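*Asks:* One-letter residues, chain by chain:
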Amino acid sequence: MSTSGEQGGLAKRLRGKKRNARPGTAVATSEAAVYDDQSGPGTEVERDTGHLPDRFANPGLRPHVHRMADTDPAAARRAERQVTTLFGISAIGTVMLIVAYFAFPLEGTFESIRLSNLTLGLGMGLSLFGLGVGAVHWAKTLMPDSDVVEERHDLHGSDTDREMAVDILKTGTDESGIGRRPLIRNSLLGAAALLPLPGVLLLGDLGPLPGRKLSETLWGEGVRLASDPSGTPIRASDVTLGSVFHVIPEGLNESSHPLEEKAKAAVLLLRIEPEKVEDVPEREGWDVDGIFAYSKICTHVGCPVALYEQQTHHLLCPCHQSTFDVTQHCKVIFGPAKRALPQLPISVDDEGYLIAQRDFEEPVGPSYWERG
Amino acid sequence: MKALAARRRHPLALVVLIALGLLVMGAAYAAFAPRPAEASTDARGDADRGRELFLANCSTCHGLQAQGTRNGPTLIGVGAASVDFQVGTGRMPLAATAPQAPDREDIDFTEQDVADLSAWVASLAPGPAIPDGEFLEPLDDDEAIADGGELFRINCAMCHNVAGAGGALTRGKVAPPLMGVEPVHVYEAMVTGPQSMPVFNDANLTPEQKQNIISYLTYIENQPAPGGLSLGSIGPVSEGLFAWLVGLGALIGCAVWLGAKSS
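Protein chains in written order, with numbering that gives the first Met the number 0: chain E, 0 to 371; chain H, 0 to 262.
Bear in mind the hints are in silico, worked out from the structure with no lab data behind them. Everything numeric in this text was worked out from a predicted model, so none of it was measured. Hints may contain errors.
[Said to hold, decoys possible] Only some residues are given here: those of chain E computed to face chain H with a beta carbon under 10 Å:
{"no.": "1", "residue": "G120"}
{"no.": "2", "residue": "G131"}
{"no.": "3", "residue": "V135"}
{"no.": "4", "residue": "V238"}
{"no.": "5", "residue": "T239"}
{"no.": "6", "residue": "L306"}
{"no.": "7", "residue": "E308"}
{"no.": "8", "residue": "H313"}
[Stated by the list, open to error] Computed from the model, here is a short list of chain H residues facing chain E with C-beta under 10 Å:
{"no.": "9", "residue": "K172"}
{"no.": "10", "residue": "V198"}
{"no.": "11", "residue": "F199"}
{"no.": "12", "residue": "D201"}
{"no.": "13", "residue": "A224"}
{"no.": "14", "residue": "P225"}
{"no.": "15", "residue": "K260"}
{"no.": "16", "residue": "S261"}
Note that beta-carbon positions come from the ideal geometry of N, C-alpha and C, so glycine has one too.
Excised from the complex, chain H in its bound form:
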């Protein structure tokens, strides 16, 4: 300390001080500055094989260069995450002309095929990448689940139902149920905003918040219904139908029996 005090009038002291100040400011900026929405071109998979798969399966609607046609949008810049979601959940290739692409159980492509397709589409222009495993693991932490639940109710529940059971949109479109959906697909849907769904980029919901939402969904999926029958958790429609048909039916049956004369 004494040595430092003795040299404070050294001609180079000012230079050292400014250099130190700049260093601290730079480090602080790098640590705290908001990061812009990121986009990348890298993706696991073989882009050349992906191009062949694309030409054989997708180019009829999306064009030979993925530039889009009257039958399908351009895929330039949609990113690997979008391809992984659309093809990985069976929405693409489109199974039928419908208000929205139906998701299918039987997917025509292997995981490697999907990765190759994603790699080729990602090589066309930067776009959201397939998320890392780090934020896909559902947390078994009460705080994370509670936070995820609040975020889900604010951002997702109006379309996907508060229990994630899905719901109706306009003109035959639906928000699909979220029970049994892979965490990676939930994450990709938030990042890319497929079809009617809006985009929730990393500035809107941070990767940690997305992970909390996934944790909440996993939690309610494994949570038994405290009342016995959940009736699909779709609210007044199924509950009302049950009350009117089964409940009132039983009451009417009792009333008829009360009024009938014994034989």
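With the rest of the complex left out, here is chain E:
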């Protein structure tokens, strides 16, 4: 590349030639110009200057065009009538609102709510819209529309004002004696530096740390699987092929925070032919004759994964369409989720009810900081 000085000179020369090129046809780049200068390879190309003048002249203001209402008194009267009509519509809307408020009281039925909403909304809409449109129409058609020039003021203050301000600051500093009394200055700095520390302490009041709450649920050894929402324990014999049960741990409804616990412990119970499910040695004995229990909390952002397609054995999350394949132990086969749904190891107790062998092996639901 050439230096900027050379380029500038070159550009000036090229511009000076005033070639009779049609705009758009000629190709000109700085590289081409450099080759041209050094007698390098390639053919000589023309430079399109775009026919720009060196300096634009101020075109000034466009001639003022008068509106119909400015020149024709009939048009002005028409505009006046239109504005009045719009304000009239607004008034009708307001009256309609007041009448509707008394004519259609809320009686607790959906029909009365619907009628009240509709009439109140229409009334208020008309009253506000009519007022606004009328005001704008008035301003646009009848108020003066002559062009006015306002000069912009200088932002820079006058030199005298600036010197005065500096003087005031200097006098203040001198009179306080902060430069002459370092003890005061240093103790002030120290006190000011300590001040933010209590703020750090207050962060502790944001609440207790979650501890192991995120990785533990109500499930544990021997906890019965119960129907959501009734809390009735489920027998293994009741879970027929193709069935889906929405499950909570027994005793959840009696716990101190049922909703918080349910958000972690919700489980989907389903039965498929055991031979359809891929064998995983580590999960041997986690199911009961093809009755599988999986966490219902999506590993993406925690929606309830509950759309079960009985024929394809796909579990689908309604929020972002993450799809889990039950035949592959709920591995993610589509969507934004990253981890398989955790499986709850289950067995049957002496009375034939389904019970959990233990809690989930891993935290349920979406990722969080400590989990990684």
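Using the hints provided, position chain H relative to the given structure of chain E.
*Replies:* Below, chain H alone, put in the same frame as chain E:
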């Protein structure tokens, strides 16, 4: 009481006591014991006529003995409820090759035909029967409707939408809207689990709970939209489209009018 006390040392007193105890235990067991999932072979309709209808209309895909072919599953053991649902809603005979059987308005069979077909398929092996009328009548009872609503939101709403407007599944399959569906078909779908739908047997949702769900569906079907337009109750898609096109369109129109110079 005195006579009873006097005879308590009678040699037969022990026998009577044991007999009484067994009787009470037996009655209590019969009253409280959980019933297993029931299946029956009886169905209203003429099985012989049903077989003829089956051979003429269904056997191409399901096989001459309903044993199933590569084109259709076996119908042995699906029960009368399944046939009544599939044929009664127009899903069978299959109208077109599609991700799932489309339900049709124009059904080729009369009610008697459907009953006969159901009777023949039910005679092959036990399966869920067509439900009795007792649990099909929608209840106009606030408690039943509220219970049905909760059950619906837990068990059904993720696929069928909280307002029963239906929703999408994977690869072109859909959960159909439930508005305007006959109570008997809603009940049969829960019992048999047609196509992608899982089964909700009587141990999972008792007949009373199924009736409550039907009551809830009937209630929301007749409930007017409190906001005026419901826009199909399908949630953010139709509501968002309306807000973006109509709402923002009106705002842009106003802005253009505000900026335009009066003539």
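*Asks:* The structure should be examined with respect to each hint, and the outcome stated for every one.
*Replies:* Quick rundown of the hints versus the structure:
1. Interface hint status for G120/E: upheld, as the beta-carbon distance to the closest one in chain H is roughly 8 Å, under 10 Å.
2. Of the supplied interface hints, the one on G131/E holds, with its beta-carbon coming within about 9 Å of a beta-carbon of chain H, less than 10 Å.
3. The closest approach between the C-beta of V135/E and any C-beta of chain H is roughly 6 Å, which is under the 10 Å cut-off, so the hint is satisfied.
4. Taking 10 Å as the C-beta contact cut-off toward chain H, the hint placing V238/E at the interface holds, the least distance being around 8 Å.
5. Taking 10 Å as the C-beta cut-off, the interface hint given for T239/E holds, the closest approach to chain H being about 5 Å.
6. Among the interface hints, the one on L306/E holds; its C-beta lies about 5 Å from the nearest C-beta in chain H, closer than the 10 Å criterion.
7. The beta carbon of E308/E is positioned within 10 Å of a beta carbon in chain H (closest approach about 4 Å), and the interface hint is therefore held.
8. Interface hint at H313/E: satisfied, since its Cβ lies 6 Å from the closest Cβ of chain H, which is below the 10 Å cut-off.
9. For the restraint placing K172/H at the interface with chain E, the shortest Cβ-Cβ distance is roughly 7 Å, inside the 10 Å limit, so the hint holds.
10. Interface hint at V198/H: satisfied, since its Cβ lies 4 Å from the closest Cβ of chain E, which is below the 10 Å cut-off.
11. Interface hint at F199/H: satisfied, since its Cβ lies 7 Å from the closest Cβ of chain E, which is below the 10 Å cut-off.
12. For the restraint placing D201/H at the interface with chain E, the shortest Cβ-Cβ distance is roughly 9 Å, inside the 10 Å limit, so the hint holds.
13. The interface hint given for A224/H is met, as the beta carbon of that residue sits about 7 Å from the closest beta carbon of chain E, less than 10 Å.
14. Below 10 Å, beta-carbon pairs count as interface contacts, and P225/H has one with chain E at about 4 Å; its hint therefore holds.
15. Checking K260/H against chain E by beta carbon gives a least distance of about 8 Å; that is within 10 Å, so the hint holds.
16. Against a cut-off of 10 Å between C-beta atoms, the interface hint on S261/H holds, since the closest Cβ of chain E lies about 4 Å away.
Violated hints: none; the structure is consistent with every hint.
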